[in-house]
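The hints should help you fit chain B onto chain A, whose structure is shown.
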Amino acid sequence: MYGWIWRHLPGNVWVKALLSLVLTLAVVYVLFQYVFPWAEPLLPFNDVTVNDQ
Amino acid sequence: MSVRVIVRTVSELCITVGTLIVLFVVYVLFWTGVKADTEMDRQVDLLQDQWARQPVRPTTAAGATANPKPPAPYREAKPFALMYIPRLGFTWNKPVLEGTRTSTLKKGLGHYANTAQLGQKGNFAVAGHRRTYGDPFKDFPKLRAGDAVVLTDGAHWYTYVIDQGPYRTLPTDVQVIDPVPKKSGYTRAGRYLTLTTCDPEWGHSHRLIVWGHLESTKPVESGKPEALRR
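Heads up: the sequence lines are chains A and B, in that order. Under the numbering used here, think of the first position of the first sequence as 1, with each following residue one higher. Under the numbering used here, think of the first position of the second sequence as 1, with each following residue one higher.
There's no promise every hint is true.
[Claimed, not checked] Footprint (simulated), chain A over chain B, 3 or more residues, beta carbon under 8 Å:
| # | region |
| --- | --- |
| 1 | 111-121 |
| 2 | 172-179 |
| 3 | 193-201 |
Hints are computed from structural coordinates only; laboratory data are not their basis. All C-beta atoms in this analysis are idealised placements derived from N, C-alpha and C, irrespective of residue type, glycine included.
Next up, chain B with everything else stripped away, as it sits in the complex:
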């Protein structure tokens, strides 16, 4: 074999590997976002359909804002709520699915399966991608105490208010999603919210956490909560 053939083959291999890497970067940065946005839209449509088929409940004058009955257990990998965080953008809304498996988190935000249900006593904990798959929690560090996190399950609006800005911790710190998280400053049992994502932006060495408490619950018939009105 001549030197020419060897040099040519090695060069061609280098070019091929380079192209492959560029394509992979395009896939991770761009294509996962396209796929996730399509998938999230589909999940939102599923939810809207599901809610449209629900029977209309008579609005009771008294007790309309009383604690709603505990919802049925959420179905694994199925959407059950929509989350709005005005701080992340006025049009920012994402479906929340049950479970935190990798495949579930590609379709939206994931609710930690063993934590409280929406609006119930305990800690409603949700995880989301910081980067890739639509970058849902890209602006996570911008969240501040006092920011509203609004969720709806089709029957009620739940407005949570963030009490503590991003807290950086280790991936093994599972206490952050406890019913009363130790580091959050909460001392009594209550209706709390925990959001988790990764930190640094493109890494996985740490996690960012924010905590909030349930501020108000109201039936969807009474219109959008204050936090979502412009």
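Here chain A stands alone, though its shape is the one from the complex:
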């Protein structure tokens, strides 16, 4: 999987390394900004109130 991505990145080794870094940061950003905020309420830490449900 990662080998496949590496082979398909353009440029020499340095360009590939830089692109990999950018890709990794982009993935982390998407996770922190969109995926985790969606997943976190599914955990029990938000239940702090008493209610009828």
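Showing chain B alone in chain A's frame:
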């Protein structure tokens, strides 16, 4: 497909899932706190701005400590007060917002919408996170009878005193925020305070409750209440 490719792909997937889990833990333990602290500071700034724009009321010598007029209805998901609990730390103060929705509780403490307003007759009930989102009520079990909970709405200081230490109950026990909560030991109508959070620390099977009563109300012009002075 060779065995090598299969083994390699499975290994890579395992590493990816592991990294994902570590990142999620970092998010829950650390990043929600960073976000909540920023957001709470913003809510406090909003309140300070709002109070700074309020017209200065003439201080009347007599009746200054008399019951203030009932405040206007609080606006949903907007901050309306600041809470100080010296037991949780001398610098501990959090904004109180109207409503107890998940999105509201990420920005501060949440006031149960159908309970009494600050300083009014009835039960002023507030919920807060025990863990994550800035851990506002992390030290909730340390609260004891006699501890002060001070609130201000910009015009008055309200000092509540806790009467009963943490009481553990079930999430469905809505009677704890009744105007006169049954288990609290109060028998007559009064001006009460209820704080709720989750228990155990990282779970949601139970709730921790503390109850208090309004000890004093005084205008902000007369300075910080006793409980907040060092």
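Hints not upheld, ascending by number: Hint check: 1 fails alone, others pass.
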